[in-house]
Amino acid sequence: QQQVKQSPQSLIVQKGGISIINCAYENTAFDYFPWYQQFPGKGPALLIAIRPDVSEKKEGRFTISFNKSAKQFSLHIMDSQPGDSATYFCAASKGRDTGRRALTFGSGTRLQVQP
Amino acid sequence: KAGVTQTPRYLIKTRGQQVTLSCSPISGHRSVSWYQQTPGQGLQFLFEYFSETQRNKGNFPGRFSGRQFSNSRSEMNVSTLELGDSALYLCASSLAVGGDPSPFTYEQYFGPGTRLTVT
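From first to last, the protein sequence lines stand for chains A and B. Start counting the first sequence at 1; every next residue gets the next number (our numbering). Start counting the second sequence at 1; every next residue gets the next number (our numbering).
Do not rely on the hints blindly, as some may be mistaken.
Stated by the list, open to error - With a straight-line Cα cutoff of 16 Å, these simulated EDC-like cross-link-like pairs (lysine to aspartate or glutamate) come out:
| # | chain 1 | residue 1 | chain 2 | residue 2 |
| --- | --- | --- | --- | --- |
| 1 | A | K68 | A | D31 |
| 2 | B | K57 | A | D97 |
| 3 | A | K94 | B | E107 |
Simulated from the structure, these hints should not be mistaken for laboratory data. Remember, predicted model here, so these are calculated numbers, not experimental data.
Model the full assembly from the supplied sequences, consistent with the hints where possible.
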């Protein structure tokens, strides 16, 4: 049972444009929602994360928007650059205590930013 | 500060063999989790260790096991390898300070992974 659904599967954006990736979750016990960026041959790198008590979090060009009632969250990459071309994963976990940190990942979005 | 290190980076094994993968967490991090990444199933949680104890386990057969040492380093073992075990095995570490609500204590940082190929 896929508990975190991610879309789109792939995305092509022009340099300077906005990249938007969406995720939806089913389990209301989730209370931590990180986004990871993965380049070929590398492990996922933590980009930005949000807790459900806020609706938006911004770090540089990356913004997470969170809609608790709709059980959806999204990643916005402003002023997208060719160096942002990578696979992005949303994830969710049930808590911060040991034993509850298992991340459930979305299926990934392959982003290509064209120069 | 050095990141998460995993050894070996690449491994080729034959079906039926067993394999041990190693993970050294970020200095000071006490929790280690393991994940399997495949093109078909994506990223899936294997298990989490803290204070040398397995705290959580994903939906994998008993052929997958792990342990954590007193210095927080962790190993995972896969016995009786199957072709379907070919994957990138990722280790993630987090600070895990008990009772501390600060987000940075439970953020998970991944290593580069071990690419296991079973032939």
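Tested hints:
The suggested pairing of K68(A) with D31(A) holds, with an alpha-carbon distance near 10 Å, which does not exceed 16 Å. Of the supplied pair hints, the one linking K57(B) and D97(A) holds, its CA atoms being roughly 14 Å apart against a limit of 16 Å. Pair hint K94(A) plus E107(B) holds up; C-alpha atoms about 13 Å apart against a cutoff of 16 Å.
In this structure, every one of the numbered hints holds.
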